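Undergrad: If you want the building blocks of each chain, they are given just below.
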Amino acid sequence: MFAAENGLKGDPRLEAISAAIRVVPDFPKKGIMFQDITTLLLDHKAFKHTIDIFVDRYKDMQISVVAGVEARGFMFGPSIALAIGAKFIPLRKPGKLPGKVISESYELEYGHDRLEMHIGAVEPRERVIIIDDLVATGGTLSAAINLLESQEAEVVECACVIGLPEVKGQHKLKGKPLYLLVEPSGLDEFC
Amino acid sequence: MSGNKVEEDPRINGIKTKIRVVPDFPKKGIMFQDITTVLLDPKAFKDTIDLFVERYRDKNISVVAGIEARGFLFGPPIALAIGAKFVPLRKPKKLPGETIFEEYELEYGNDRLEMHVGAVEVGDRALVVDDLIATGGTLCAAINLLERVGAEVVECACVIELPELKGRQRLKGKPLCMLVEYR
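These protein sequence lines are chains A and B, in that order. Numbering-wise (the UniProt record's numbering), the first sequence opens with residue 1 and increments by one. Numbering-wise (the UniProt record's numbering), the second sequence opens with residue 1 and increments by one.
Hints are computed from structural coordinates only; laboratory data are not their basis. Model, not experiment: these values are computed from the prediction. Where hints are given, some of them may not hold.
Unchecked claim - DSSO-like cross-link-like pairs, simulated, lysine-lysine; straight-line CA separation at most 30 Å: (1) B:28 <-> B:91; (2) B:16 <-> A:100; (3) B:94 <-> A:29.
Bound conformation, chain A alone:
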C-alpha cells in the first residue's frame, strides 16, 4: 500500500523523496533500472522527510523492534528506531553476526542467499516492523518475516521507501501489510 493512498495523497514530501532517488540503468546487469537511494541520503531535507513519514506512522503503534535488512535497510532503520524508542535488529548476510544465529534461505534469480538474525535479539510477542530500501519480488522481506516469526515475534508491517511494480496492487506480503513511500523513479529523472 502506497503512502499516497493512505493519508499522504499530495504530500509534497513524497515528491521530494521521489525526485531525490537516482536511476542507474543496466546495474547490476543490462535491463535493470537500479533505484539508487544514495542520492536521497545526500539530500538532507528529503532524507529527513523519509524518516519523519515512517516515524509519524509507527510512533503510536507500540512497535518495540525495528528490523533492518543489510545493508541499505541499515541506512533507514536505526533512525526510525531511535525516534520511536524501539530496539534495532540488523538482519545480515551469512557469517557477519558474531553470536548464535538463526538463518533463513531465500531465492535469488539464480540460486539462493541467506539472511541471519541473532538468537535472543527479539522476544516472543514483540511488535516488529521490517525496513528495507526497496521491495521487488518480496523474497528478502519474506525471509525476514520468517526469521522474526520463528522467534514468535509479531510482524506488524514491512516498510520500504520504494515499491517496484511487482508489488503494486498488493497490500500484503505473507499476510503482512506493506507500506511503501514511492514508486520507482523513471529514466527522465536520471541525473
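Once you have looked at the hints, place chain B on chain A.
TA: Using the frame of chain A, we list chain B on its own:
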C-alpha cells in the same frame, strides 16, 4: 568530550556495559566487539548518537561518511541530527554509479573501499564514522577517498577503539573521537 579521549560522561559506562564481547570470532584469538547489543538498548543507542551529535553539531560538518556496514548503523542518525549529507563508503561493486576506490591492506591480501563520484564536493567538511577502529587501515582508506575529492576530513568517530593496535596513528594526523576503549 575533549579532543581525542572522552571525558567521564556518565552515559559512557552505560554504553560500555552493553557491548558484548564474542570470543574467537571471526577466528580463534579475536575478542570480537559486538555492538548489536547496544542497538538492542534504546537508551544506550540514543546516548551513543547523542554524544557524537553534541560534539559535532556546531562544527559545520557538511558530510558524514559511514563505512560499510556497521558505520551505516551510526552515521545516518548523526548526519540527520546535524544537518549533514550521508555518504556510504562501500565494498566493491555495491554502488551503482560511477565510483572511485581506495585499496587497503587486510591481514592477508587487500580490499577496496568505494565512494560515488560527485557525492562529496571540494570544500566539504567531513566526519568519518565506523563502529570500531582496530589497525586504522579502513579509516585511512576512507580519509584518502575524501581528501582525493577535495573534502576536509575534520575527525574520525568510532564507538570503540582497540588502542593496542595503534590505529590512531594511521589516520594521517586526523583526530579520533571514541567512546569506549577495549584492551
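Undergrad: All hints, please: hold or fail.
TA: Outcome of the hint check:
As the CA atoms of residue 28 of chain B and residue 91 of chain B are separated by approximately 25 Å, the hinted pair is consistent with the 30 Å bound. For the proposed pair residue 16 of chain B and residue 100 of chain A, the alpha carbon gap of about 21 Å is at most 30 Å, so the pair holds. Between residue 94 of chain B and residue 29 of chain A the alpha-carbon distance is near 12 Å, which keeps this suggested pair within the 30 Å criterion.
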